[in-house]
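Number of protein chains: 4
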Amino acid sequence: MLFLKNDYSVCAHPAVLDEIVKNNLVYSDSYCNDERCEKTAAMVREQIGDPDAAIHYIIGGTLVNKTCLAAFLKPYEAVITTVEGHIAVHETGAVEATGHRLLEVPTDDGKLDPEAVDRVCAIHNMDQMVVPRIIYITNTTEPGTVYTLAELEALRECCDRNDLLMYMDGARLAMALGAEKCDYDLSDIARLCDAFYIGGGKCGALAGELVVITNDELKPFFRQNMRQNGALFAKGMIVGMQFDVLLRDGLYQELGRHCDELGKKLADGIKAKGYKLAHEQESNMVFPIFTNEMVAELEKKVMFEDWEDNFDGTRVIRLVTSWVSTEDEVNEFLDMI
Amino acid sequence: MLFLKNDYSVCAHPAVLDEIVKNNLVYSDSYCNDERCEKTAAMVREQIGDPDAAIHYIIGGTLVNKTCLAAFLKPYEAVITTVEGHIAVHETGAVEATGHRLLEVPTDDGKLDPEAVDRVCAIHNMDQMVVPRIIYITNTTEPGTVYTLAELEALRECCDRNDLLMYMDGARLAMALGAEKCDYDLSDIARLCDAFYIGGGKCGALAGELVVITNDELKPFFRQNMRQNGALFAKGMIVGMQFDVLLRDGLYQELGRHCDELGKKLADGIKAKGYKLAHEQESNMVFPIFTNEMVAELEKKVMFEDWEDNFDGTRVIRLVTSWVSTEDEVNEFLDMI
Amino acid sequence: MLFLKNDYSVCAHPAVLDEIVKNNLVYSDSYCNDERCEKTAAMVREQIGDPDAAIHYIIGGTLVNKTCLAAFLKPYEAVITTVEGHIAVHETGAVEATGHRLLEVPTDDGKLDPEAVDRVCAIHNMDQMVVPRIIYITNTTEPGTVYTLAELEALRECCDRNDLLMYMDGARLAMALGAEKCDYDLSDIARLCDAFYIGGGKCGALAGELVVITNDELKPFFRQNMRQNGALFAKGMIVGMQFDVLLRDGLYQELGRHCDELGKKLADGIKAKGYKLAHEQESNMVFPIFTNEMVAELEKKVMFEDWEDNFDGTRVIRLVTSWVSTEDEVNEFLDMI
Amino acid sequence: MLFLKNDYSVCAHPAVLDEIVKNNLVYSDSYCNDERCEKTAAMVREQIGDPDAAIHYIIGGTLVNKTCLAAFLKPYEAVITTVEGHIAVHETGAVEATGHRLLEVPTDDGKLDPEAVDRVCAIHNMDQMVVPRIIYITNTTEPGTVYTLAELEALRECCDRNDLLMYMDGARLAMALGAEKCDYDLSDIARLCDAFYIGGGKCGALAGELVVITNDELKPFFRQNMRQNGALFAKGMIVGMQFDVLLRDGLYQELGRHCDELGKKLADGIKAKGYKLAHEQESNMVFPIFTNEMVAELEKKVMFEDWEDNFDGTRVIRLVTSWVSTEDEVNEFLDMI
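Protein chains in written order, with our numbering: chain B, 1 to 337; chain Z, 1 to 337; chain F, 1 to 337; chain Y, 1 to 337.
Hints are not guaranteed to be accurate.
As the list makes no split between identical chains, a pair holds if one copy fits it or if it spans any two.
What the hints assert, rightly or not - In the EDC-like style, the derived pairs of lysine to aspartate or glutamate whose C-alpha atoms are separated by at most 20 Å in a straight line are:
hint	residue 1	residue 2
1	K219	D163
2	K300	E35
3	K74	E217
4	K74	D216
5	K22	E151
6	K301	E38
7	K5	D29
If you're looking for bench data, these hints aren't it; they were derived computationally from the structure.
Please construct the entire structure, taking both the sequences and the accompanying hints into account.
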């Protein structure tokens with residue numbers, strides 16, 4: 001069975017797992033107060049050029065999102081997100097469960113549009129309404145698109161003129177950084193966002209995400225917020241050492257690039273065979289449109305997500321290449337269609 | 001530096017880590033829907049003698065506690081706990097953050113007393129008060145004591161007569177099961193509790209806890225509750241395979257016994273040298289009372305928790321033996337005092 | 001200054017206030033346990049033909065909505081509402097503050113469409129998504145439209161096939177019942193909805209709304225939910241006696257009819273003068289489209305809501321007739337345009 | 001039947017109700033933006049000597065408490081209260097429902113002890129624990145005692161040294177101000193507290209409480225918090241005009257004094273007949289200890305609260321004098337015992 005279903009279905013990149021094996025029985029302090037977490041934090045601060053950034057380690061993207069948003073917002077403050085936003089669709093109301101309203105904006109391509117944000121802010125102008133306070137963006141987005149530097153800067157300006165915070169969900173940040181069109185690095189993201197996270201689970205880590213908070217006002221008592229949300233991991237050193245391996249010499253970005261290159265190869269091959277894509281391929285997710293019969297046939301040999309019924313005899317499927325995918329696997333798929 | 005600070009400061013038991021290494025690159029379905037999770041669940045159902053038990057995998061004890069209590073309770077329902085209860089002290093109000101009140105009962109030894117529970121229920125008798133609905137117990141308890149079967153059965157009866165659910169936080173369940181005085185096994189716990197969890201993080205697992213729900217009314221939609229709390233781990237297979245290793249042939253119970261035997265040796269040695277313990281030793285936590293000077297001296301050579309100042313020139317410290325501790329380490333400590 | 005801004009800007013209908021004056025110093029039991037609350041409840045049960053309906057008294061529509069929805073839903077369950085829904089726009093996230101997600105459906109006329117509800121239910125089909133569980137409708141709706149019996153029955157069928165509850169926000173129920181097109185009474189609403197409220201504050205009461213719960217599963221412990229939300233009014237008798245006056249002999253429906261007739265007169269007059277309405281007039285809210293200049297001129301002499309800028313030199317304003325409005329006031333307005 | 005059960009069982013002081021009757025049909029702006037609310041606010045600011053105090057109007061003490069505490073606290077912050085505190089016992093977990101933990105301190109007499117507060121703060125010293133942030137006190141307290149100025153000043157100092165806010169629940173503030181031992185006025189309370197409320201419902205108002213916020217940091221967006229909690233009353237003018245009547249010429253304090261004087265007469269009479277009180281009488285609540293037989297006999301002729309069983313053949317009952325109680329009623333009771 002060919003596996004193109006997602007990018008979180010094997011354990012860890014071997015180099016990451018080796019590091020855990022090597023340090024398995026080393027006594028460490030707990031709750032991310034250990035040397036590995038601190039060393040990695042220092043490295044990240046250096047890489048992003050912000051010596052005062054707060055660095056935290058949490059397992060699971062939903063847990064990061066809900067912890068951050070609950071920590072950053074007052075009760076009456078709301079989050080602006082796209083309608084496709086992960087928090088709006090696939091987190092079972094985790095943010096609302098912390099008491100906050102989402103204000104959802106439609107998009108063409110999964111990217112949040114500054115003008116749409118302006119409009120949301122303009123109409124929320126009375127005390128019987130929530131106060132928009134933060135934008136939530138994903139990069140790569142849910143349909144696999146990637147922000148450009150210019151787009152991120154435009155969002156930052158939009159945030160500044162509307163007194164909004166800017167938060168990036170980086171579950172697939174590796175694939176954004178590895179994208180052909182990506183014209184920025186972690187330091188740009190750190191400069192533009194008030195907070196973001198570097199997702200490990202979908203790109204090489206066994207488990208864990210690294211949270212970066214650059215806005216001083218958001219830093220105090222963040223660990224209390226983590227604990228309250230069940231996000232303060234007792235054995236933080238395990239996450240700290242994984243990110244050391246992933247980020248020290250660019251393995252993280254390299255794995256992202258690998259995913260994206262296979263994504264491009266897959267998309268190009270599909271298009272060369274005359275099929276259309278529902279979304280432009282920009283990273284490791286490819287959304288071809290096939291007939292229902294063809295999808296039924298493929299399901300016998302390939303694991304993938306059945307994404308959307310077009311109700312015209314065709315449907316969209318989602319194919320995902322991961323750091324563990326190979327060119328042979330891509331070719332194997334292309335040979336099937 | 002001798003390490004007796006806690007039982008969660010090395011990564012994993014080598015057999016557990018080996019299993020991950022061996023299966024590292026095996027494609028699995030996600031969100032605990034994989035074969036490893038299912039196989040382990042089947043095994044646990046067999047071990048506890050409940051073919052219908054719901055089994056779930058979550059990383060982190062606080063996350064388990066808040067997910068379960070939020071899932072099981074209606075908004076106006078409250079949790080009865082001891083004042084020392086982990087949820088009452090060391091989880092930064094995680095349960096209250098889901099909207100629920102804790103009703104706290106003092107204890108002598110960290111164990112919940114059925115008569116105290118009866119009293120709490122008796123006085124909560126009007127619609128301006130919360131409705132007690134579940135008891136929360138830890139086993140081993142925070143001061144390291146262990147429930148007997150008779151005590152658990154008495155609590156079950158108490159729950160039945162007061163229409164309460166019974167939930168056990170098993171962060172240190174291995175050490176309860178390994179205790180000299182323990183006269184029950186997992187199947188008894190499953191029979192008596194409506195839900196409980198088998199803690200992995202403190203006893204051999206790299207990360208992960210295994211939740212067991214036996215009460216049919218608490219089973220539906222639990223995964224939605226997990227997701228909403230950020231507790232649905234994408235790579236569930238990693239937790240599933242760890243518990244396979246830990247529980248298949250009794251490694252889990254064996255490690256607990258090891259911890260407890262070293263705890264006893266440590267306690268006996270300390271008492272033999274003429275020192276008193278603040279709590280009777282029953283598991284892997286030992287609470288000796290030393291003079292302030294002695295504690296200051298020990299701090300140079302041993303890592304431990306400074307537990308409580310007696311304000312009489314003495315203080316209580318907490319020493320914890322773990323599955324990785326050795327008899328030599330215990331002797332090394334005893335030689336120091 | 002002519003007042004056409006809303007229907008909650010004088011204190012109470014004289015008959016209602018007289019009743020309070022007359023009973024001012026009568027000792028009563030508290031928290032809605034008094035004879036007046038019970039007598040009114042019995043009368044309402046009789047009027048709606050449901051001897052088992054639970055009747056409660058709460059001050060303020062937002063408080064009713066949040067109390068009911070928090071009481072009726074499990075944490076992962078969501079509310080389906082129109083995008084214009086009061087809970088979605090003008091209650092500062094009150095429902096989300098109790099932890100629940102709103103699923104918002106666009107409309108033409110403020111009324112919830114059963115097919116749109118079906119679609120929402122169809123796509124919420126996995127455990128990473130909230131579970132739709134209740135529909136929230138307002139009657140009259142925010143743009144002043146009124147449901148027909150056929151529409152309400154279609155929504156009930158829709159709820160039944162999707163396992164949804166049906167809840168009606170009756171802040172302006174008097175004006176729905178008084179509408180020309182209304183072909184049902186309170187007993188139909190009680191038969192079709194699982195719960196609804198009869199709004200007093202906008203139609204004759206000094207303060208207070210009457211909540212009706214007909215679904216047996218939603219009745220237990222509702223008072224605990226009220227108390228937790230700050231909605232259990234100590235002097236409930238004041239609300240009970242007001243609804244006795246309003247409902248006993250149809251004063252409530254009569255006042256609604258008065259509002260609506262003036263609304264129709266106002267709408268007809270505006271249309272007769274050649275202006276368009278943004279929404280068809282069906283109750284006591286009229287939404288004419290005037291030029292910006294004309295609106296600026298009117299603002300000097302009339303109090304009304306400036307509703308929406310059309311960005312073409314015209315704008316929509318909202319005019320509201322209330323039970324205290326007179327035909328002379330309507331004519332006075334019509335003479336101005 | 002003689003009524004000594006509570007102080008909220010008739011509608012309103014005649015002067016208060018007259019004011020509503022007189023202004024019944026005056027058009028007013030809504031949501032406390034009207035002239036009556038503003039005029040009363042200006043008067044209160046003058047009376048308390050704080051021209052910048054924020055003044056709000058809310059109906060119901062529980063609603064005030066939960067709105068204020070939810071507005072003032074970050075998610076991980078906790079409230080210090082006495083174990084008898086109204087929020088800890090009789091509000092069905094309303095504060096926890098907004099996500100916050102209560103830290104409860106035992107008392108002798110219902111008053112919060114600064115040293116106990118210091119101890120709570122001292123032990124909450126790690127990021128796995130909630131952060132104490134505000135003290136909640138009631139005045140009069142639940143057992144009817146009244147703080148002295150020295151006690152309130154000591155609590156303020158305690159708050160300052162522990163970085164705590166100070167909040168007073170003034171449900172029965174009239175009776176505190178009217179107490180013989182009271183050596184302060186509203187301006188002292190405003191100077192010492194960060195926020196407090198002047199309870200109307202138990203002392204002359206038909207419905208409504210007046211919230212005073214003196215701490216600048218707590219003022220912004222309070223109305224959004226009110227709305228989110230269902231506490232923004234559409235017809236605020238009704239509350240505004242009531243407090244104008246109550247506070248303008250001291251009627252509020254006078255009614256409180258009346259309650260307390262009758263309380264003292266009642267207590268003195270009971271003691272003169274040889275009975276003991278469970279709490280020293282300081283305001284309008286009297287807690288005599290009678291035999292079970294005597295209580296059973298009294299219940300036939302008097303309405304009161306059966307407070308506590310002493311399990312020795314005697315019990316404590318609660319008698320409450322209200323602004324509408326008369327000396328004759330007190331004598332009538334004394335003649336019965």
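>> Treating 20 Å as the Cα threshold, decide for K22 and E151: within, between, both or neither.
In response: neither (42 Å within a copy, 44 Å between copies)
>> Reference check for the pair K74 and E217, CA-CA at most 20 Å: within, between, both, or neither?
In response: both (13 Å within a copy, 13 Å between copies)
> Given identical chains, is K5 near D29, meaning Cα to Cα at most 20 Å, within a copy, between copies, both, or neither?
Replying inline: Result: close only across copies, 9 Å inter versus 38 Å intra.
> Which holds for K219 with D163 at a C-alpha limit of 20 Å: within a copy, between copies, both or neither?
Replying inline: Answer is both: 18 Å inside a copy and 19 Å across each meet the 20 Å cutoff.
>> One pair to classify: K74 and D216, alpha carbons no more than 20 Å apart. Within, between, both, or neither?
In response: Intra 16 Å, inter 16 Å, cutoff 20 Å: intra and inter.
> How would you classify K300 and E35 at a CA-CA limit of 20 Å: within, between, both, or neither?
Replying inline: between (48 Å within a copy, 19 Å between copies)
> Taking 20 Å as the upper bound on the Cα-Cα distance, should K301 and E38 be classified as within, between, both, or neither?
Replying inline: neither (45 Å within a copy, 23 Å between copies)
Hints 5, 6 from the earlier list are contradicted by this structure; the remaining hints agree with it.
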